[in-house]
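**Student:** Produce the entire structure from the sequences given, and follow the hints as far as they go.
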Amino acid sequence: INKELLDSATNVVVVDHHRRSEEFVGSPVLVYIEPYASSTAELITELFEYQPDLEQVGKIEATALLSGIVVDTKNFTLRTGSRTFDAASYLRSLGADTILVQQFLKEDITTFTQRSRLVESLEIYHDGMAIATGHEDEEFGTVIAAQAADTMLSMEGVQASFVITLRPDKLIGISARSLGQINVQVIMEKLGGGGHLSNAATQLKDVTIAEAEKQLISAIDAYWKG
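Following the UniProt record's numbering, the numbering of the sequence shown begins with 1 at its first residue and continues without gaps.
Careful, some of the hints might be misleading.
[Stated by the list, open to error] Below, simulated BS3-like cross-link-like pairs (lysine-lysine); rule was C-alpha separation at most 27 angstroms, straight line: (1) K225 <-> K214; (2) K106 <-> K74; (3) K214 <-> K190; (4) K190 <-> K170; (5) K225 <-> K190; (6) K170 <-> K205; (7) K205 <-> K3; (8) K74 <-> K59; (9) K225 <-> K170; (10) K190 <-> K205; (11) K3 <-> K170.
[As the list claims (entries may be wrong)] Okay, the calculated beta carbon distance ranges per label pair: (12) T10 <-> Y125: 47 to 57 angstroms; (13) V12 <-> K225: 14 to 24 angstroms; (14) L6 <-> T113: 28 to 38 angstroms; (15) K74 <-> Y125: 15 to 25 angstroms; (16) E156 <-> G26: 20 to 30 angstroms; (17) A210 <-> V31: 34 to 44 angstroms; (18) N11 <-> K106: 32 to 42 angstroms; (19) I99 <-> F24: 29 to 39 angstroms.
Derived by calculation from the structure, the hints in this document are not laboratory data.
C-beta: ideal position from N, C-alpha, C; glycine also.
**Tutor:** Written out as structure tokens, the structure reads:
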């Protein structure tokens, strides 16, 4: 969240589908957290749908919200329930444009090739857990790392995926995803992070990627031991 924008707001409302973390916004007037929702966009859509006195959502806003649902559910394949389809149907009734969604979500060649390099480094550790790592001196944006983790989930035999990269802020980031049978949130919490049962992350200071991988493996081992 842009700090200047946050500081300029008089009343702050937090709507999220992730559990609270250490970086939670201070003193909000309302907190609505629903970890079982597919996405924050789904929750926002429901708020509009069940508040008929509010001004009608326009086509662009509806399309943006639908884009958020598409991204978080990987085209309605992950964390998708009847509420998700209800929200999408409502947004379509408001004029959400599926072609425009695809335009919003297009990526450039650099993003594609960086993600591919991460996926190529994939190694399987412990029953269906895939770990990919970037080079020690190559920076990757958080979105690319998250996309690589999502891509790895589509591979046969992979139940959970972890991508370890050097971030632009020089921290080591770990993006974690799962199909739901493995709780990656618990694993990331062991490393100081958090998130959602099937979508979580953490950032580590003063470590190399190799050291971060060792810490991740230790956290995975601890998870399996209960």
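**Student:** Each of the hints needs a verdict: does it hold here or not?
**Tutor:** Now for the hints, and whether the structure bears them out:
no. : hint                             : in the structure
1   : K225 <-> K214                    : 17 angstroms, holds
2   : K106 <-> K74                     : 14 angstroms, holds
3   : K214 <-> K190                    : 13 angstroms, holds
4   : K190 <-> K170                    : 21 angstroms, holds
5   : K225 <-> K190                    : 13 angstroms, holds
6   : K170 <-> K205                    : 8 angstroms, holds
7   : K205 <-> K3                      : 22 angstroms, holds
8   : K74 <-> K59                      : 22 angstroms, holds
9   : K225 <-> K170                    : 32 angstroms, violated
10  : K190 <-> K205                    : 15 angstroms, holds
11  : K3 <-> K170                      : 20 angstroms, holds
12  : T10 <-> Y125: 47 to 57 angstroms : 48 angstroms, holds
13  : V12 <-> K225: 14 to 24 angstroms : 40 angstroms, violated
14  : L6 <-> T113: 28 to 38 angstroms  : 34 angstroms, holds
15  : K74 <-> Y125: 15 to 25 angstroms : 23 angstroms, holds
16  : E156 <-> G26: 20 to 30 angstroms : 45 angstroms, violated
17  : A210 <-> V31: 34 to 44 angstroms : 39 angstroms, holds
18  : N11 <-> K106: 32 to 42 angstroms : 35 angstroms, holds
19  : I99 <-> F24: 29 to 39 angstroms  : 37 angstroms, holds
Going down the numbered hints, you'll see the structure goes against 9, 13, 16, while the others check out.
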